[in-house]
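There are 2 protein chains.
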Amino acid sequence: MKLSSLQLARYQYQPKLPGMLRNGISEICVKVGEPTQSVADQEKIQALFPNTYGKNEITFQKGANTSEAKKQVVGVILSGGQAPGGHNVICGLYDALKATNKENILYGFKGGPSGLLEDSYVIFDDAYINSYRNTGGFDIIGSGRTKLETEEQFAVVAEVCKKHGITAIVIIGGDDSNTNAAVLAEYFAAHNTGVQVIGCPKTIDGDLKNEDIECSFGFDTATKTYAEIVGNIERDANSAKKYWHFVKVMGRSASHVALETALQTQPNICLIGEEVAAKKMSLAQITDYIADSVAARAAKGWNFGVAIIPEGIVEFVPEFSVLIAEINELLAGNKADAFNALPTWEDKYAFIKAGLTEASMAVFEILPQAIQQQLFLERDPHGNVQVSLIESEKLFSAMVKENLAARKKAGTYNGKFSPLHHFLGYEGRCAFPSNFDADYCYSLGYNAFMLIQYGFNGYLSKVSNLSKPAEEWVAGGMPITKMMNIERRHGHDKPVIRKALVELDGKPFKFFESKREEWAVETCYVYPGAIQYFGPAEVCDLTTRTLALEKA
Amino acid sequence: MKLSSLQLARYQYQPKLPGMLRNGISEICVKVGEPTQSVADQEKIQALFPNTYGKNEITFQKGANTSEAKKQVVGVILSGGQAPGGHNVICGLYDALKATNKENILYGFKGGPSGLLEDSYVIFDDAYINSYRNTGGFDIIGSGRTKLETEEQFAVVAEVCKKHGITAIVIIGGDDSNTNAAVLAEYFAAHNTGVQVIGCPKTIDGDLKNEDIECSFGFDTATKTYAEIVGNIERDANSAKKYWHFVKVMGRSASHVALETALQTQPNICLIGEEVAAKKMSLAQITDYIADSVAARAAKGWNFGVAIIPEGIVEFVPEFSVLIAEINELLAGNKADAFNALPTWEDKYAFIKAGLTEASMAVFEILPQAIQQQLFLERDPHGNVQVSLIESEKLFSAMVKENLAARKKAGTYNGKFSPLHHFLGYEGRCAFPSNFDADYCYSLGYNAFMLIQYGFNGYLSKVSNLSKPAEEWVAGGMPITKMMNIERRHGHDKPVIRKALVELDGKPFKFFESKREEWAVETCYVYPGAIQYFGPAEVCDLTTRTLALEKA
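Here the protein sequences come in this chain order: A and D.
Read in the numbering used here, the first sequence has 369 at position 377, and its numbers run on one by one without any break.
Read in the numbering used here, the second sequence has 352 at position 360, and its numbers run on one by one without any break.
Don't read these hints as lab results, they were simulated from the structure.
These numbers were taken from a predicted model, which means no experiment stands behind them.
Don't take each hint at face value.
Intra- or inter-copy, both count: the list cannot distinguish identical chains.
Calculated pairs, SDA-like style, for lysine to any residue (alpha carbon to alpha carbon, straight line, at most 20 Å) [what the hints assert, rightly or not]:
1. Lys233 / Ser112
2. Lys234 / Ala39
3. Lys386 / Gly417
4. Lys(-6) / Lys499
5. Lys90 / Ala150
6. Lys543 / Pro461
Using the sequences and the accompanying hints, generate a full structural model.
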């Protein structure tokens, strides 16, 4: 098998642990902190988690290891979308497990949670682990999107654990997966299975973040990769001086990725879904906002620019959501048949006009024709509009184009507008983890084993103080129930970890807000370049601007 | 102005010069080589370049500098598309110029060749130059696509040179720009202007390459950037195991970028335009070739893969070119009016069917409807099909989808096929130059000044032996006329530098050919990761696989 020279070099990298985990397994002891309460709905959460609620926060510190000598057999799964550093969580877990007792065993269940249900696994050994150290991807055991949430599934998992003598499961996943980890932990406790569950916070989206989780792993590397590419595109725009680049970035439910990428690269425009929703912005307003920048720059002779558009942006536009709901209603069930039978687009258009409210028709009318047609012609098996297929970067560039044409007629704009489009998502989810993510993930895994070894259940592996050098990081554990509240999901009250949206009064957004007017009109691009692994610490080891601002 | 930490660190990088240029300006002398002949059409080229034809190749070596003491006033332009390292050519040129004589002056003409015609310039000083060292982009003075090729333009350039006392012009560009540099050099010589012209070989496309130019600058960095991204996508494909990624890469007239990216990443499929043309492959054949890989992998349970598609691929398919020519003919002039008046696509389709030959209609019929419509609906102001707008990555994935549906019916395929699409171009043209490109470009610029100082005209700055460490590189100059032949362009015989296509009997293609059957069916992905600037030499300093194979 051929390996890249970088991969070979990265095998040699020794991830940095938090200071209190650096003295060897025999010198790690527990410092018990305060008992915890869930962030909201305490009584309901407590009722749902009678065995795992209210436990104490803990941190590790230097001191004689007092854990029980016991052979540990641990299973680990990767859940959901790829995030750089997942391999290192497993490597850290493995190293701590083997350093504690060579007889300990680590199972990797394949293809995500379904591997646990189907008892599909590998048993890790040194050679296997060594070929994944400090690498990107989830190819070590694969991942999957099956959700572990029903009692039936838990019973199967308990059986599998019993079969292999598994003493603990580590679940590496996002907010839903960690929510489910807490439920599984409670199930195991209630059924006296003796199996512990530990979660690790993963997602490039950055929306698994709260008082206890400073950031989810992968966010640093993914946004650095997107920022590298956006910076390259900015430099190209500023060299060629003739294109406007509309760059869509991943992030359907929160705009952290867009915001962080913007903080690193200072583009002319960056839309933030949470702001669009809070201010109830219309498509026309957003379009006008972008077109203002295009026109102001054109007036300076700069017919180029860069705009970052979060993937899920249109779903944050209230009037657009109403339009989608009306379309879904208009074509529900066999009503679609009459529509589909209409021979021409003009006939269909008349049908639509007759069926939509005036307000929604006004929104529909300002959409470019290609998007109009997409809304009606590409529907899912239930007849619903596939909002996720809407190419928001193309939607806005087309609307800006029309807006500028109107300005040209009115004599208020006299530039050229040539848009180009990009989508950044898959490009960053499997990059080699940055030193930060390599260190953080290795620490999360190492720490997860210490939580197992000390008998904790339903805890999240917690490493904090991340804006400081790794030596100063704090390792410990937090009951997952502490992060939970009750939310309405699919018509049911459900205990979940609250998803972290971009806070409009938070420091990262406030900083962006204070700068964006200048960025829109001037050329303030910053070119971060490719992620570096070997150079000066200020180039290689700093984490996100988001975290730096939050901790400033 | 905010600068990234990488940009600040890269300012400190000292590019490596070829050994013979390392002893200081006073210790560089000329070793005169053989007189040269053009690669073909010698008599015609000689007749067109009476003053600059047949000059000797030269190399530099260590020895007392015997050049005439003379104040040099040099002008430099960047021509055409961005390529990483352009800034370093100018930095090297500036450093050699100032090291020779502090009174020497370097003008940078802005926005490409038009800056020279419009006398729009900056005069470089240390502070200006220092803020662009080892950075990507052409934003130092901008670039442009105006062609310097007429006598009228040359007369204007001569005037501008006279006005500023310019003694030499350095043109940093691709094959056309260097062809024009040779013509300008001849003009200057014939008119006794005393102004010299030196060319530098730039293009990320890799098609400016011949016996004398081992590679054009920027190709290394751009392909490493694309390989980084393709590697990340491969790792994502191999983790998620559910998508086929179709990645289009830049390169309209040659497939060097696609080939190099494939050599670095070992995808399942990489199309090479030159092969498609040589074997007169049909769209159906290409589609079948890709679908074979999809089906073979699906049979192993692998419903994922990565295919690299060169941007210009459809233009290499003979039957497709015929189809385009027929469509252009079918809608030429006012014939388009009748077509445009037809109310529905069905009517238009009947019109098309009646107008195309049977062979072209057969090709047309296998195209996905979206592409069919694009061919007829999106035409340029002359009524011609805009072939460059055709999204070849989507064309092939749609055709593969249909092909697989037929196989499924026939019972020969039973997988899932979910394609995703990417286009990589602007992402790599302005990356921070790799150490190789930083060194190579700085050397090209430094060397260009030495050619000026020694009085050469119509020469290309030549640095060779590039697959070896920089210490062993060979610096010198080659008359541009040596690389020329006569080609038919726009109905006229023209002396031009021959464009280098991928050679199907060359070592890079042969190597690829020997491996691709395995790559198509197995998962042999290589993950190069981000360009590194500070690490071990084997990670940071190696240039392309193409060059390594060519020099092996």
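Right, here's what the structure says about each hint:
no.: 1; hint: Lys233 / Ser112; in the structure: between (54 Å within a copy, 16 Å between copies)
no.: 2; hint: Lys234 / Ala39; in the structure: neither (61 Å within a copy, 40 Å between copies)
no.: 3; hint: Lys386 / Gly417; in the structure: both (16 Å within a copy, 18 Å between copies)
no.: 4; hint: Lys(-6) / Lys499; in the structure: between (45 Å within a copy, 19 Å between copies)
no.: 5; hint: Lys90 / Ala150; in the structure: neither (24 Å within a copy, 76 Å between copies)
no.: 6; hint: Lys543 / Pro461; in the structure: within (13 Å within a copy, 45 Å between copies)
Hints 2, 5, counting from the list given before, are not met by this structure.
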